[in-house]
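Asks: Spelled out from the first residue to the last, the chains are:
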Amino acid sequence: MAKTFQRPQALFDQPTHYCPGCTHGVIHRLVAETIDELGIRGRTVGIAPVGCAVLAYNYIDCDFQEAAHGRAPAMATGIKRVRPDLMVFTYQGDGDLASIGMGEIIHAANRGEKFTTIFVNNAIYGMTGGQMAPTTMPNQRTSTSPFGRKTEEAGMPIRVAELLSALVTPAYVTRQTVIRPKYIQKAKKAILKAFTYQMEKRCFSLVELVSTCPTNWGMTPPEAIQWAEDVLLPYYPLGDVKTPDADVKEAPCKTK
Amino acid sequence: MPKVLMKGNEAIAEAAIRAGCLNYFAYPITPQSEVAEYLCWRLPEVNGVFLQGESEVAVAYMIFGAAGAGVRVFTTSSSPGISLMSEGISYLCGAELPAVFVNIMRGGPGLGGILPSQADYLQATKGIGHGDCRLLVMAPASVQEAAEMVMQAFPLAEKYRNPVMILGDGLIGQMMEPVEFPDHLRSEPSNKDGWASSGMDHRKSKTRNLVRSLFLDPEQLNRHNMDLRAKYERMKAEEVQYENFNTEGDYQALIVSYGTMSRVCKTAVNMLKEQGIEVGLIRPRTLFPFPEAAIGEAAAKVSCRAVLSVEMSMGQMVEDVERSVRGARPVQWYGKCGGEVPTPEEIIEVVKTTLASDLSRR
Chain U
17 MAKTFQRPQA LFDQPTHYCP GCTHGVIHRL VAETIDELGI RGRTVGIAPV GCAVLAYNYI
77 DCDFQEAAHG RAPAMATGIK RVRPDLMVFT YQGDGDLASI GMGEIIHAAN RGEKFTTIFV
137 NNAIYGMTGG QMAPTTMPNQ RTSTSPFGRK TEEAGMPIRV AELLSALVTP AYVTRQTVIR
197 PKYIQKAKKA ILKAFTYQME KRCFSLVELV STCPTNWGMT PPEAIQWAED VLLPYYPLGD
257 VKTPDADVKE APCKTK
Chain G
-3 MPKVLMKGNE AIAEAAIRAG CLNYFAYPIT PQSEVAEYLC WRLPEVNGVF LQGESEVAVA
57 YMIFGAAGAG VRVFTTSSSP GISLMSEGIS YLCGAELPAV FVNIMRGGPG LGGILPSQAD
117 YLQATKGIGH GDCRLLVMAP ASVQEAAEMV MQAFPLAEKY RNPVMILGDG LIGQMMEPVE
177 FPDHLRSEPS NKDGWASSGM DHRKSKTRNL VRSLFLDPEQ LNRHNMDLRA KYERMKAEEV
237 QYENFNTEGD YQALIVSYGT MSRVCKTAVN MLKEQGIEVG LIRPRTLFPF PEAAIGEAAA
297 KVSCRAVLSV EMSMGQMVED VERSVRGARP VQWYGKCGGE VPTPEEIIEV VKTTLASDLS
357 RR
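Residue numbers (our numbering), protein chains in the order written: chain U, 17 to 272; chain G, -3 to 358.
This list has only true hints and no planted wrong ones.
Computed from the model, here is a short list of chain U residues facing chain G with C-beta under 7 Å:
id, residue
1, Ala90
2, Thr93
3, Arg97
Bear in mind the hints are in silico, worked out from the structure with no lab data behind them.
Model, not experiment: these values are computed from the prediction.
From the three backbone atoms N, C-alpha and C, an ideal C-beta is built for every residue, glycine too.
Please model the complete structure; the sequences and the hints are all you need to start from.
Replies: Laid out in structure tokens, this is it:
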């Protein structure tokens, strides 16, 4: 009998370092499946962020560069400009992308750099131990907002997908989640679409994935899923925010 | 190619292309913006990549990404911009990537000024970024030498898999001089298959490459740092470059000076000779590694009573000169760091004062 479900070739068979209930594992798998399906493993370069996913290269089997905090889009720009034949993706968390790396992501997106960003938004800093992020919800408790995020001090959480969709150049900006099986297939389609657009040399694409962090949220995995659904999803609505047919198809940036 | 008259910044730009480097990322800053203004039209002519980044911070990582993909790549900036790039330079050292950084120095600290300076000496030679990282630092004294050093820098960066810095004062970038370019070099690091994230399909081995600087295991990180240290020690053994001037005969004082400042000092040495005062000069062409042995030997000459470090900084090179002289002679400093270049007359005066002072009477 033929195997209908197996480990993607682009995913290493090894124990995870991620916490129980964390969604990085699922997202890694979706990226690996996409790489397999497009047959691009031998010409793909991933960029690992600073954050929990810094060791993404221990799970996803392709060339990798490891970024400084927030700088992944600049590195992806460097790679893609000098080697347009490579497939390049950044994998970034919300502290990395929406705080320290906000300048880099906006400008890479606006130049229409032809790479794909997988943006994992779990509304908190994970690896450093649960500090407040730009995406942390109002009144959400974190180790640097122990009485809850005060919006009068920290402002409202940043909606990255909407923010980037205000730019004319990016091709594809979408927000998905993998917190329940019913969402995962849609997320997979979005990631596949984003990579496909890159193959078609369309402009920048970003898939935001609303995620869980039970450890730093101080919840059990089921509680975390429920909280993400009840609190995060109403503020971070799912769906495509920008699709390529609407505006500019081709970036003005050069391909060799 | 015949000699052409070029501005230093433009010669640096053209030299990079002739060194086979067709990839340039940069952010505008005075006094080196002419490099970008030249390459923005020149690189497309040779099918190269030119990109003006959103900040020096981002540019340093564009350099990282491109270097990590296995191509020759460089950037140019000036003092405050280099400060912003220093984070990325540390990452390049940590990940062992070759790239060339040109710093056309202006006055500091802070915004400082836009006129020539040599006030980034310590930053370039000792404090370029966090962690145990070092750059090979070359200091040109003419437009011709700037072009030649740029062309040497790429193979050196690849030999050591480490960034190389060309440290020029603002005058090197701004002045026009005749320049002749050596022949073209090959355009890709020859050793890249072992380390570059250039896509598995493009390598014989078909195994993947990771470009990284994170080593969570303390023993592994220590080993990594020991390997880096061995590279820096090898640079010290193999890459020292300097020029001797008027050091064959006896001299009463020795001047150590580099870049544009050394040219003024040479004029002063010639003028002093006419007045019957012999002064030797050593011009470091590499600042890291520093020509310690040569300076130590020159200072130890019996006739030499004092050593002068003349620089457009507040004495940043003095400690290196003292280290080289090893206490055998008193080491004095003279310099200016507001953007004016000290004149030969000023240097003559300082030499005479030093020789007349108690310090140098033994």
